[in-house]
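S.K.: Sequence:
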Amino acid sequence: MNYHFNDIEAKWQKYWAENKTFKAENNSNKPKYYVLDMFPYPSGAGLHVGHPLGYIASDIYARYKRHKGFNVLHPQGYDSFGLPAEQYAIQTGQHPALTTEENIKTYRRQLDQIGFSFDWSREVRTSDPNYYKWTQWIFIQLFESWYNKDTNKAEHIDTLISKFASEGNANVNAACDEHIEVFSAEAWKEFSTEKQQDILLQYRLTYLAETEVNWCPALGTVLANDEIVNGVSERGGHSVIRKKMTQWSMRISAYAERLLQGLETIDWTDSLKESQKNWIGKSVGASVTFNVLSKDSEQAHSIEVFTTRPDTIFGVSFMTLAPEHDLVTKITIPEQKEAVDAYIQATAKRSERDRMADVKTISGVFTGAYAEHPFSKEPIPIWIGDYVLAGYGTGAVMSVPCGDQRDYDFAKHFNIPIPNIFEGVDISKEAFSDKENTVIANSDFLNGMNYKKATKRAIFELEQLGQGEGKTNYRLRDAVFSRQRYWGEPFPVYYVNGLPQMIDKAHLPIRLPEVEKYLPTETGEPPLGRADVWAWCTETNTVVANSKINNTSIFPLELNTMPGWAGSSWYFFRYMDASNEQEFASEDALKYWENVDLYIGGSEHATGHLLYSRFWVKFMKDRGFIQVEEPFKKLINQGMILGTSAYVYRLSYMFANPREEEALGAKLLKKLEHIYISHSEFISKGDLQTNKNYLKELKEKLAKIAGLADASDLENLMIVPLAIHVKVQYVNASDELDIEGLKTDGEFGEDYKDAIFIGENGDIIQGNNDVYKVGREVEKMSKSKYNVVNPDSICQDYGADSLRLYEMFLGPLEQYKPWNTAGISGVHGFLKKLWKLYVGENGLNVNDAEPTKDNLKTLHKTIKKVEEDIEGFSFNTSVSTFMIAVNELTAQKCTSKQVLEPLLVLLSPYAPHISEELWSQLGNKESISTAAFPVFDASHLVESSKNYPISFNGKMRFTLEIPMDMSKEDIEKIVMSHEKTIEQLQGRTPKKIIIVPGKIVNIVG
RNA sequence: GCUGAAGUGGUGGAAUCGGUAGACACGUUGGACUUAAAAUCCAAUGUCCAUUAGGACGUGCGGGUUCAAGUCCCGCCUUCAGUACCA
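First residue of the first sequence: 1, per our numbering; consecutive thereafter.
Worth flagging that the hints you see were computed from the coordinates, not collected in a lab.
One or more of the hints may lead you astray.
Unchecked claim - In silico DSSO-like links for lysine-lysine, alpha-carbon gap of 27 Å or less:
1) LYS946 to LYS861
2) LYS621 to LYS282
3) LYS282 to LYS295
4) LYS105 to LYS149
5) LYS277 to LYS621
Said to hold, decoys possible - Taking CB as the label site, the calculated pair distances span:
6) ASN732 to ARG957: 51 to 59 Å
7) GLU102 to THR538: 50 to 58 Å
8) SER579 to THR538: 50 to 58 Å
9) ASP270 to ASP965: 40 to 48 Å
10) GLU943 to SER977: 22 to 30 Å
11) SER579 to LEU499: 49 to 57 Å
Predicted model, so just to flag it, every value in this text is computed and none were measured.
Just so it is clear, CB atoms sit at the ideal spot from N, CA and C, and this is done for glycine as well.
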């Protein structure tokens, strides 16, 4: 009987679904284990072979943990809000909900055919109102919370209100807007409700704030940094300006320190922790206040800066403000106004990315104003410069040119003095920033001190003056939480007199309204501005038509939607109790499952999703909704499977001047439009323009094709080959192109209909006289590169078990590696061999024969290795181990059920279908997933002798079989008297003989 | 620039503790079976020299430690990823 993988796989997939084999119970005596994949965005293109890599790895681990006696939660769902569906809706008018539904169907079918052990009864979709109801609820909780820096956690806003009522806000230590006014308890009580709300808003963990965004007037929308290329929009190439907009923000900065400290408690890779640390960007230093020198008539200003080097304060020779800094317009003297305004305008045009990319150019303008040095009282000129970023620190720096390279370059460029405050250091060429070897000089009371001492003293002196204090600064900025898009969670928010009001939990979810178009409105409002029914009635607590808006009970609803990361910041809790209608998850479920034990996903989420999730989890813990501080205990980033693209090389032509082009004639050029040279010519002939001989040859060919008598008309023609992607389906293993296939492919239309290919022999290909070889390049798999490989066809041709094994066999999970479909025959052949080991021509080959010593040795060697590999996520080496085991057992002609049955359990996490089938053929009634993992017995691996490598001066010359229990002396005797040793030594006496029992013998001579 | 990861046959990769480098596969070559093909099976396969026996060289490059280095140390080079005028 042969291995009919299609039938077997369909049979067991059906069995698992019908018997709910992988349904996890929220009540169990077994220990729990939670294995989670980063849930996919269901894109229209479906899955390619790269997508399941992480899912296969996590599935192996989940199945392994079940064999090991754990109650395993292994769910799956969809991150189904997002831009591509919205983009598609804009183009086609199709509702994103419909396309999303379609895409999910495809994903589900594709996932099912790979045989994952997901508990689909817990599926979540972020775009499902029953799910986003709870996303809205969490948003409300964030709104109703503030961060108490004294207790170092988030608290309900009521505790803040009572503080205000009893003591005002002077001594409230909260994470909030820095420029908040100070008021007493009495004043608080006197404030109008609106004023109180306005103040509270600045303390809430989610708040409304003016934020700078990339606004594209032509598209009427806000663009992400990614959507801007070279300063213009990626779509359409429209100009983009920086504009302030009122948006919802999340006060993640309140959690900066805890997010940093928490990294110590979780099992993530160093590189990932490093990314998060950099992103949080903690720096310790001091804040210093510089007073701006003013004439008596003017209002007094001061500039606050942050510095990591307060010890260098006597080296300050100027200050630099970001061009966007609030003070700039206030302090600039009339004579400099024009220059300053021009500079501000110029920088506003440049995107943040542009500004950062251009490090070389030094630019800035003097404001004409001066600040006073806190100690020396000397005047310090105040400049503006775009190397200072408005978004970091206070948007202003005290410039110490002798100690900071950027300040140094700026000073040099504008001829500002560079005072040296370092003992015995030459600063004529560059700044000196080595903290370790710092000895401060020319600095009054800091003279002679090292970095540490001087820093401490400087801070102390600043505090005495009331012009500074020690401070820790974080790079982490609050996260903008509004999106001017349609396909996202609506906010449960309506506005009364411009102040946001939360809708009560009882009336959630607030469902996305219908709109007739998914574009911004003509007045530049988000797409929800197009909804007719999008107002809130406080009497009926329902969404009603906008036309009814009045000032008594019907109010406008928020027009923004939430960003993509809203739904993905807490979904791992919803899986614990996915259908709960009363709570986001029950207390019992949360207590039982705690958090994710193993999380697998791509490294692209290192600073987005993984940071926001940690933030929300910490918040939810503070408020008592959950008991864990971190969402993901262990995290592994799977690498990417890359595609092997194929290129053809089309000739294109350039002309030094338009007359040449005219002279040749459009008709003639048309004939030369579709000519392709092969890869070898493209590469080996070098630059066509310099390889005169080849160019001449090629032009003669072109002349023939164009029907010219000779190539003289083409004399001035410049030829440039362009590399163009073609579908990998039309290329065989030898890189030869299927020209007919390409020409008749509907997707390329007429592109290749008249194509002329010049083959390997240098002649035009007609019929089968020659072949055309494509170029190859390993790149990310993507539809546009025509290099995607679909798992459907792999499952059809080789089966899911082969796909699973092969994806693991390709290499280490974390690594990037190219896909090559040809290689799958190796693991497929292995499965056939395995099948033959169990099932012969006339039925089962397995019987009750006693296992031989060799059988047991092979089995236990395999148990040990496979267990170690799974625990260490080294799945690729397990596959080799299985191959070796089957090769050995086949050679041993093993038929013993005592050996072959446990072997199936070892294999079942990797190749579950064939394992289930053989398991049941061996007479088992229960699914193999319920079987216990075989126990390793070291006694079967004890060897009586070892084949020692005998080395001379470290070089292995021959091997010798020596009993394991032999003494060193006896080993030496045997080795030294061996004829090959004598031959090697040629009469010399060895200086030293090293014998490591069980390992090696090395003779040094 | 900084941070992190990685450089091993024609290819993917193995060697997890300093101890026989190249496991296991793909590919290639030869052979068996077959009318033929597919499938299957067998053998060879790091490079170079040698008829063989065998030898030399070999884990990005240059040094070092060691009886012994892909593995440890020092200095470079290259690739990939993240991040960046962070005060």
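S.K.: Hints numbered earlier in the text: which of these fail when held up against the supplied structure?
M.R.: Violated: hints 3, 4, 6, 7, 8, 11.
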